[in-house]
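Trainee: The primary structure of each chain is shown beneath.
There are 2 protein chains.
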Amino acid sequence: MIEPLPNRSPPRGARPIQALVFDTFGTVVDFYHPMKRQFEAFAEARGVSCDAGKMAVDWRTAYIFSTFAQATEESEFRPLREINRDNLAVVMAAEFPAAVSAAELDELAGVWQRLEPWPDAVNGLQRLKRSAIIAPLSNGNFSDMVRLSRYAGLPWDVVLGASISGFYKPHPRTYLESVAALALQPEDVCMVAAHQMDLAFAAGHGLQTAFVSRPNEFGGPVKPAESEPNRNYIGAAEVHVEGDWTYCASDFEDLAQQVEQDLLA
Amino acid sequence: MIEPLPNRSPPRGARPIQALVFDTFGTVVDFYHPMKRQFEAFAEARGVSCDAGKMAVDWRTAYIFSTFAQATEESEFRPLREINRDNLAVVMAAEFPAAVSAAELDELAGVWQRLEPWPDAVNGLQRLKRSAIIAPLSNGNFSDMVRLSRYAGLPWDVVLGASISGFYKPHPRTYLESVAALALQPEDVCMVAAHQMDLAFAAGHGLQTAFVSRPNEFGGPVKPAESEPNRNYIGAAEVHVEGDWTYCASDFEDLAQQVEQDLLA
Numbered sequence: 003m004i005e006p007l008p009n010r011s012p013p014r015g016a017r018p019i020q021a022l023v024f025d026t027f028g029t030v031v032d033f034y035h036p037m038k039r040q041f042e043a044f045a046e047a048r049g050v051s052c053d054a055g056k057m058a059v060d061w062r063t064a065y066i067f068s069t070f071a072q073a074t075e076e077s078e079f080r081p082l083r084e085i086n087r088d089n090l091a092v093v094m095a096a097e098f099p100a101a102v103s104a105a106e107l108d109e110l111a112g113v114w115q116r117l118e119p120w121p122d123a124v125n126g127l128q129r130l131k132r133s134a135i136i137a138p139l140s141n142g143n144f145s146d147m148v149r150l151s152r153y154a155g156l157p158w159d160v161v162l163g164a165s166i167s168g169f170y171k172p173h174p175r176t177y178l179e180s181v182a183a184l185a186l187q188p189e190d191v192c193m194v195a196a197h198q199m200d201l202a203f204a205a206g207h208g209l210q211t212a213f214v215s216r217p218n219e220f221g222g223p224v225k226p227a228e229s230e231p232n233r234n235y236i237g238a239a240e241v242h243v244e245g246d247w248t249y250c251a252s253d254f255e256d257l258a259q260q261v262e263q264d265l266l267a
Numbered sequence: 003m004i005e006p007l008p009n010r011s012p013p014r015g016a017r018p019i020q021a022l023v024f025d026t027f028g029t030v031v032d033f034y035h036p037m038k039r040q041f042e043a044f045a046e047a048r049g050v051s052c053d054a055g056k057m058a059v060d061w062r063t064a065y066i067f068s069t070f071a072q073a074t075e076e077s078e079f080r081p082l083r084e085i086n087r088d089n090l091a092v093v094m095a096a097e098f099p100a101a102v103s104a105a106e107l108d109e110l111a112g113v114w115q116r117l118e119p120w121p122d123a124v125n126g127l128q129r130l131k132r133s134a135i136i137a138p139l140s141n142g143n144f145s146d147m148v149r150l151s152r153y154a155g156l157p158w159d160v161v162l163g164a165s166i167s168g169f170y171k172p173h174p175r176t177y178l179e180s181v182a183a184l185a186l187q188p189e190d191v192c193m194v195a196a197h198q199m200d201l202a203f204a205a206g207h208g209l210q211t212a213f214v215s216r217p218n219e220f221g222g223p224v225k226p227a228e229s230e231p232n233r234n235y236i237g238a239a240e241v242h243v244e245g246d247w248t249y250c251a252s253d254f255e256d257l258a259q260q261v262e263q264d265l266l267a
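Protein chains in written order, with our numbering: chain A, 3 to 267; chain B, 3 to 267.
Each hint should be verified, as a subset may be incorrect.
Which copy is meant is left open, because identical chains are indistinguishable; a pair holds if it fits in one copy or across any two.
Capping the alpha-carbon separation at 25 Å, the derived lysine to aspartate or glutamate pairs in DMTMM-like fashion look like this [to be verified]:
1. K131 to E118
2. K131 to E109
3. K38 to E5
4. K131 to D60
5. K131 to E244
6. K131 to E228
7. K225 to D190
8. K38 to E78
9. K225 to E179
10. K56 to E189
11. K56 to E262
12. K225 to D53
13. K225 to E84
14. K225 to D60
15. K131 to D88
16. K131 to E97
Keep in mind the hints are simulated off the structure, nothing from the lab.
All of these numbers come straight from a predicted model, not from anything done at the bench.
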């Protein structure tokens, strides 16, 4: 098991941000609704019903466990598209008694390259790009990110993340080698995510952090506050601030405004 | 010594281009004139004279030899900025008897991130991007390319090249791992360069090729045709077609038009 190190982010404003690196699935793009719609359409075409929302959550949860396990075990780096396809086969088998063909699985798995940007994402990224380098620091591989970015219109300067290091998040090398690829220090880079575990790992390596809440990430359910019992990490949007993050923002436009203010100060 | 393999490019039009990958220094951006102007300004500030054009050519030539040697010897991958800075120190020492400070070298070496796009480059890339993935397959490292691209407005989808493989061109892995990063076959990718040696290596791995002549690459002198004696590979622009390339184009707009025609066919 990998645990975050203690928060080593510099104080806000002490180090001008030179690059912003982004968790992508859930933070920049909405995976839940495109996946849910696709499962619904698949079931409708077969004349059956399915719990499409649960399938989307299950598939995304399987992705989290698969990539976390790779980081923890430092096991072989399999392309994310293969991981997602294998997990999809399990999700489909659980819901559809009749066989799903390999071609159908391929087509459905491609939805990871057809996810929708949150409404503020493209404009927000374009605005942030005027202040600093912007790049995904995602578990998406080069081949996934380039196609998703073209589909969603994400104006990255460069693609960083798991493909750089050969390890999925939260392996330390994924954060540190992405920062090193920019010839920057961690303190000059800000990790942006809707997932505070991701921010905790980044902060442990000295990066600045920005929490952007995505309350619709799972189509409604939100994660209970830390003080409440039965804390649920996965399958519910994070709406409560649970760490000492450098920035907390309602969306990318809000984040851009805050970053611009600090850079002007 | 690394030699190109026999040309294995598919016939033109047989495989629709899915990605275009670009040599960058000289092909997308003009290095000669920005370097020359910078050396002239440096000399003027010191009240001395220098052969600024020759210095630009010497520095670029040293870069070619340094990176080619790394590929041939498979020696340690040193960041390109360090290689260029070390080579610059030699070029400066040869021309300026008085010492050049470390800070002056740092500042001058930064010109690699402030090179000027050829007049057709940005519009041409934007147009090509509508047809296929576009990416640099350059010896520029991630950190160099991201800053150059922001300066010059180059709208890459993703940065590939030497940083992917840990080897400088023309090491085979630099071509092959860049293609693999896109989850494509070499035959689906077109290498674009003003340097036909680069195209020969790419064609040897099965990539399609596009020769775009940049007659002003060295401020005037052009390389003699293959049939002429004293063939000069370095320090002179390539204006004669010397290989069986998939495309030959006068600039990126011309290339875009040809590629679009083939994709529509």
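Trainee: Each of the hints needs a verdict: does it hold here or not?
Mentor: Now for the hints, and whether the structure bears them out:
no. : hint         : verdict
1   : K131 to E118 : both (20 Å within a copy, 20 Å between copies)
2   : K131 to E109 : between (33 Å within a copy, 24 Å between copies)
3   : K38 to E5    : neither (32 Å within a copy, 52 Å between copies)
4   : K131 to D60  : neither (34 Å within a copy, 35 Å between copies)
5   : K131 to E244 : neither (27 Å within a copy, 41 Å between copies)
6   : K131 to E228 : neither (33 Å within a copy, 46 Å between copies)
7   : K225 to D190 : neither (30 Å within a copy, 45 Å between copies)
8   : K38 to E78   : neither (30 Å within a copy, 48 Å between copies)
9   : K225 to E179 : neither (31 Å within a copy, 41 Å between copies)
10  : K56 to E189  : neither (39 Å within a copy, 41 Å between copies)
11  : K56 to E262  : neither (39 Å within a copy, 43 Å between copies)
12  : K225 to D53  : within (21 Å within a copy, 67 Å between copies)
13  : K225 to E84  : neither (29 Å within a copy, 48 Å between copies)
14  : K225 to D60  : within (16 Å within a copy, 61 Å between copies)
15  : K131 to D88  : neither (36 Å within a copy, 31 Å between copies)
16  : K131 to E97  : neither (42 Å within a copy, 39 Å between copies)
Going down the numbered hints, you'll see the structure goes against 3, 4, 5, 6, 7, 8, 9, 10, 11, 13, 15, 16, while the others check out.
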